[in-house]
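Enquirer: These protein sequence lines are chains Z and G, in that order.
Using the working numbering, the first residue of the first sequence is number 1, and each one after it goes up by one.
Using the working numbering, the first residue of the second sequence is number 1, and each one after it goes up by one.
Think of the hints as simulated: they come from the structure by calculation, not from any bench.
Don't be surprised by glycine CBs; every beta carbon is placed ideally from N, CA and C.
There could be a bad hint or two in this list.
Stated by the list, open to error - Here are the computed distance ranges between Cβ atoms for each label pair:
#1 Pro443(G) with Lys109(Z): 45 to 55 Å
#2 Thr436(G) with Thr31(Z): 39 to 49 Å
#3 Met89(Z) with Lys584(G): 41 to 51 Å
To be verified - 30 Å max Cα-Cα, derived DSBU-like pairs, lysine-lysine:
#4 Lys467(G) with Lys109(Z)
#5 Lys522(G) with Lys576(G)
#6 Lys416(G) with Lys179(Z)
#7 Lys109(Z) with Lys380(G)
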Amino acid sequence: MKSLLSNMNLARWIMLTSLLLSLVLAVTGYTLHQRRTELEDALAGRVPRTTQEIQNLALRYTALRAEADRVGLTGQNDPMTYLAGLASMDKVALGNVDLRNPPSTTPRKGVVDEKYTIRSADDRAVVRTKIANYMYRIEEKSRRMRVTGVNISREGSLKPWEYGNDRWKWNLEVTSRQKVEP
Amino acid sequence: MARTCGIRIGPRRYELLVLDGSAKKHKIVAFEMGEFPQGGEDPLGDAVATLKAAVKSSGAPVESVGIAIDTGLAAFRDIKLPDLDESKLEQVIKFEVEGELPQWNIDDVVIDFMKLDAASGETRLLVTAVPKVDLEREIEVCTRAGVEPLEVELEATAMVNAAMSADICRVDEAQVLVHVGETSTAVVVVDGGVLRSMRAIHIGALSHEPGKPSPGAEPDAPAAAMPEEAEAAEDSEADDLPLVIVDEEELKRMQEQAVRRIRRELGRTMSGARTANPIDAVYVCGWELPGLVGEPVLDVPVYELDVFEEDSGNPMEGAAPLVVPYGVALRQFGAAAVPARLRREELRYTGAFERVELPLAIAALLLVTLLAVFNIFELKQVKLRDADVNTWRESSNNFMVGYLDPMPKELADYLKRIEAENEPIAIETVDENGRTSVRDYNPQVDSDRSRLEQISYTAAILRREVKKLDDQLGNTGEVTQPQSALEGLTMVLGTLAELEGQIGRVAVREVDSQYQLGRSGKPDSVLVVLDLTFFADSTVRATENSEKFKNALDTKEWTVDVEMTNSSPFEEGELKGVTVDGFKVLCDFSNVPRAEEGQA
Chain Z
1 MKSLLSNMNL ARWIMLTSLL LSLVLAVTGY TLHQRRTELE DALAGRVPRT TQEIQNLALR
61 YTALRAEADR VGLTGQNDPM TYLAGLASMD KVALGNVDLR NPPSTTPRKG VVDEKYTIRS
121 ADDRAVVRTK IANYMYRIEE KSRRMRVTGV NISREGSLKP WEYGNDRWKW NLEVTSRQKV
181 EP
Chain G
1 MARTCGIRIG PRRYELLVLD GSAKKHKIVA FEMGEFPQGG EDPLGDAVAT LKAAVKSSGA
61 PVESVGIAID TGLAAFRDIK LPDLDESKLE QVIKFEVEGE LPQWNIDDVV IDFMKLDAAS
121 GETRLLVTAV PKVDLEREIE VCTRAGVEPL EVELEATAMV NAAMSADICR VDEAQVLVHV
181 GETSTAVVVV DGGVLRSMRA IHIGALSHEP GKPSPGAEPD APAAAMPEEA EAAEDSEADD
241 LPLVIVDEEE LKRMQEQAVR RIRRELGRTM SGARTANPID AVYVCGWELP GLVGEPVLDV
301 PVYELDVFEE DSGNPMEGAA PLVVPYGVAL RQFGAAAVPA RLRREELRYT GAFERVELPL
361 AIAALLLVTL LAVFNIFELK QVKLRDADVN TWRESSNNFM VGYLDPMPKE LADYLKRIEA
421 ENEPIAIETV DENGRTSVRD YNPQVDSDRS RLEQISYTAA ILRREVKKLD DQLGNTGEVT
481 QPQSALEGLT MVLGTLAELE GQIGRVAVRE VDSQYQLGRS GKPDSVLVVL DLTFFADSTV
541 RATENSEKFK NALDTKEWTV DVEMTNSSPF EEGELKGVTV DGFKVLCDFS NVPRAEEGQA
């Protein structure tokens, strides 16, 4: 080492220093080149795709969040309130409803059915369109709720061939099937 | 200005001289003279250390060094060969001279030659032979001392080059040049400015002293004598045998004896020399022996060889030993009348790297510059592309922030964190009306993530949140929701509506639709039970209509079973028909194709 250093002159120092610098610069240059290529490739495909996905996800998140709010999953609301709220919507207007939540059942392993029974609180008959709209709204607003039981009968004691007043007594059963977290 | 260095390495002494300038105009910038330590355990190591110190103290340029070695190591032969070009001569010279050097194996010596004259299709050559082992030893001393000699020559040729450069050897005269070394004396005859002959006399200034090895040489390895030098060698050996210095008187007597012998040999050389011009002078350099300079030999005056220009940096007195290193240093400038080359074959100093090291250094600098420019270019490109990615990120965030209601906590925390990490930058903008406004812009640089990674991270958070909500809302397909009683009812009543005008008037009196959980291998289903009244102009027609309804239901793919058991006719005045109670339709919608969300 000592003899090597003693034989060094300016040109050799320049070569040695340049070699070391070149190595460092080659490594950094290669890294930068890779980075630039990666960014250009990303700008040509991945970035537009990801940003578009972000937009779609944002919209979907907002929709799902609203749905979750409706069905009481986020703590903003609970299903009973939600169902009662639907009963008072425009073109439904069923008046006071009697909502009950009987004990949940387990139809299959790992899932549980939360059931809600709904009927008119004062046993008042309503026109059938209101009942139909109510059922439609329940299923339209939530993917997790199904009308699993419908019973509609004419108001009053009428003979089979007698026309009624198109007011119906009703009671419904709504089921929300959920996965049971282990 | 270029610097060169010439070194004479003798058996006991060395002389070193550094020239600065060019072949035409130069100046001595440093010189060193001294003796190698004698009697040590490691004579080679001592010599290396001494030479190294001299090189260091003189500031000799190690990349341009030549050396001259003792002429006594060489043997000279005068041979004639047919006219051949230089390359051909190089090929044949060894074979031609082999028979002339019986004392050595031809492969153990380095053969150099120079053309003396050419006439009648023949070339007269002065051939020099030096044992490789001696050359290697001297080269090793220099190499270990930190100087790699570019070329090696004899004291004799270095002396001739020095004399030629000083214009001592004129065209109309002949001269004898003498270099007195420690154990040998080099004698060169120059005629009309051309080298005529060269010989070594094995008598030197210290021939009377015992043990005079070259630095690092084995003490008992004297150079083999040539036949023509045999006589002088025998004289020397005869005189050297009883070498015991008694006192100063004896020493003086022996020196005088050496001078006499040198003068006698000079006389023999001069009388035997066949020169075209008369010998006008003898020039002596090297070791200064009293009685050698000033006393004529065969009536030819003897002068000290002074090759130095006035005020050229040489010492005022005692410059004679520096003539040889001066000649060597001059040769490094390219000013060599006699270009001897003893570094041949495996001893050749190629100096390939030294020749290209400056261009290589420049190339290396250019490479560094090129790489630096490349780095700068790439860095700027990366910054530009990164800014492009950031534009996408900002646009995406702006859109997202507008649509996310509410923003997921993890995402909100993340955006808050990166905003807190960065100081807002005031950005001044000028609108089309020339009004200037300043707004704060937070660059949202994440210390842990690149711009690209920030986008990916944001998407990952949203994906996680959406999946979480999908899981909670049962949108993942893992949980099959129960079949809808509403759907069953709608499909059955829809079928009734399809038959409008075909089955008369139908009254629905009661509806019951219930989801049936599949058990014992049976699939889930919906059981729709209806109480109906079919009006017609006769009970038979009404019964037919109810059958039509049943048949229509049977054709539906979602129908599992239709049961109509309890029907009874009625006639109330003009109203005729049948009543059907408990009209059961079992439906299964699990295999009914459905349009995907968003499709028509």
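Enquirer: Compare the structure with each hint and give your call.
Expert: Do the hints match the structure? See the list:
1. Between proline 443(G) and lysine 109(Z), the C-beta spacing of about 53 Å keeps the proposed range 45 to 55 Å intact.
2. Separation of threonine 436(G) from threonine 31(Z) is about 41 Å and conforms to the stated range, judged on CB atoms against 39 to 49 Å.
3. Checked against the given bound of 41 to 51 Å, the beta carbons of methionine 89(Z) and lysine 584(G), roughly 33 Å apart, lie outside it.
4. This hinted pair checks out: lysine 467(G) and lysine 109(Z) have alpha carbons roughly 23 Å apart, not beyond 30 Å.
5. This hinted pair does not check out: lysine 522(G) and lysine 576(G) have alpha carbons roughly 41 Å apart, beyond 30 Å.
6. Restraint check for lysine 416(G) and lysine 179(Z): the C-alpha separation of about 34 Å exceeds 30 Å, so the hint is violated.
7. At most 30 Å may separate the alpha-carbon atoms for a hinted pair to count; lysine 109(Z) and lysine 380(G) exceed this at roughly 61 Å.
Checked against the numbered hints above, the structure violates hints 3, 5, 6, 7; every other hint is satisfied.
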